[in-house]
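**Q** Protein sequences appear in the order of chains F and L. Heads up, the first sequence is in this note's numbering, so the first residue is 1 and it goes up one at a time. Heads up, the second sequence is in this note's numbering, so the first residue is 1 and it goes up one at a time.
I should point out that these hints are in silico values taken from the structure, not numbers from a laboratory. Errors might be hidden in some of the hints.
Using 30 angstroms as the maximum straight-line C-alpha spacing, the simulated DSSO-like pairs for lysine-lysine come out as follows [stated by the list, open to error]:
| hint | chain 1 | residue 1 | chain 2 | residue 2 |
| --- | --- | --- | --- | --- |
| 1 | L | 52 | F | 9 |
| 2 | F | 14 | F | 57 |
| 3 | L | 56 | L | 68 |
| 4 | L | 52 | F | 57 |
| 5 | F | 57 | F | 71 |
| 6 | F | 9 | F | 57 |
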Amino acid sequence: NAGVTQTPKFQVLKTGQSMTLQCAQDMNHNSMYWYRQDPGMGLRLIYYSASEGTTDKGEVPNGYNVSRLNKREFSLRLESAAPSQTSVYFCASRPPARDYEQYFGPGTRLTVT
Amino acid sequence: GDSVTQMEGPVTLSEEAFLTINCTYTATGYPSLFWYVQYPGEGLQLLLKATKADDKGSNKGFEATYRKETTSFHLEKGSVQVSDSAVYFCALGGSARQLTFGSGTQLTVLP
Numbered sequence: 001n002a003g004v005t006q007t008p009k010f011q012v013l014k015t016g017q018s019m020t021l022q023c024a025q026d027m028n029h030n031s032m033y034w035y036r037q038d039p040g041m042g043l044r045l046i047y048y049s050a051s052e053g054t055t056d057k058g059e060v061p062n063g064y065n066v067s068r069l070n071k072r073e074f075s076l077r078l079e080s081a082a083p084s085q086t087s088v089y090f091c092a093s094r095p096p097a098r099d100y101e102q103y104f105g106p107g108t109r110l111t112v113t
Numbered sequence: 001g002d003s004v005t006q007m008e009g010p011v012t013l014s015e016e017a018f019l020t021i022n023c024t025y026t027a028t029g030y031p032s033l034f035w036y037v038q039y040p041g042e043g044l045q046l047l048l049k050a051t052k053a054d055d056k057g058s059n060k061g062f063e064a065t066y067r068k069e070t071t072s073f074h075l076e077k078g079s080v081q082v083s084d085s086a087v088y089f090c091a092l093g094g095s096a097r098q099l100t101f102g103s104g105t106q107l108t109v110l111p
């Protein structure tokens, strides 16, 4: 039982490049989330998915797209990276019947130059 | 909207010292309150929670009491250890089953 896994762990992009951050969970959770963590700002929700086939915008969705490929996988795509997207990105999932208890992956540290 | 205000860090303590990290919130209704902890190089983990006023959450020697009258959920531990060094996040569970996080407080415990 690996929990929530994320790839890659580190990535450096040039402005304008694209990439996809991968997230998978093996706990059979319905809900999954993408956050970004910036110094002094805590975690901010980018997108979430309440179930397979559904996605919704969070607090800071601009510049990102997501895909809920199946129940296990929830990917985050940056189509044209900008320096303002330099951050640490966390994926999380939530078990059913536990309204707010989320399980987090180890994060992806992204730098856009 | 919902918001969480946390004591600014960093906080540096000696081993066995008493810890308090302040957290206050603004929300409509009666949210659930949480403390998450992030150890170096890892994702966040749920440390403790309280779902209604006057509830006390506790885990690993940490405690926090949901105070509706002061809209607070301060984290305390009587005797910290080096292994408690981490970033602590206060969070609020509001509408749509989403979490709103505070900015985090870095704790360093020196031997």
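**Q** Hints first: check each against the structure and report whether it holds.
**A** Tested hints:
1. Annotation: proposed proximity of residue 52 of chain L to residue 9 of chain F is violated, straight-line Cα distance about 37 angstroms (limit 30 angstroms).
2. Proximity of residue 14 of chain F to residue 57 of chain F is assessed by CA-CA distance (about 25 angstroms); at most 30 angstroms being required, the pair is judged to hold.
3. Under the criterion of a C-alpha separation no larger than 30 angstroms, the hint pairing residue 56 of chain L with residue 68 of chain L is consistent with the structure, at around 12 angstroms.
4. Taking the CA atoms of residue 52 of chain L and residue 57 of chain F, the gap is near 28 angstroms; set against the 30 angstroms cutoff, the hint holds.
5. Between the alpha carbons of residue 57 of chain F and residue 71 of chain F the distance comes to roughly 18 angstroms, so the proposed pair stays at or under 30 angstroms and holds.
6. The hinted pair formed by residue 9 of chain F and residue 57 of chain F meets the criterion: a straight-line CA distance of about 24 angstroms does not exceed 30 angstroms.
Checked against the numbered hints above, the structure breaks only hint 1 and satisfies the rest.
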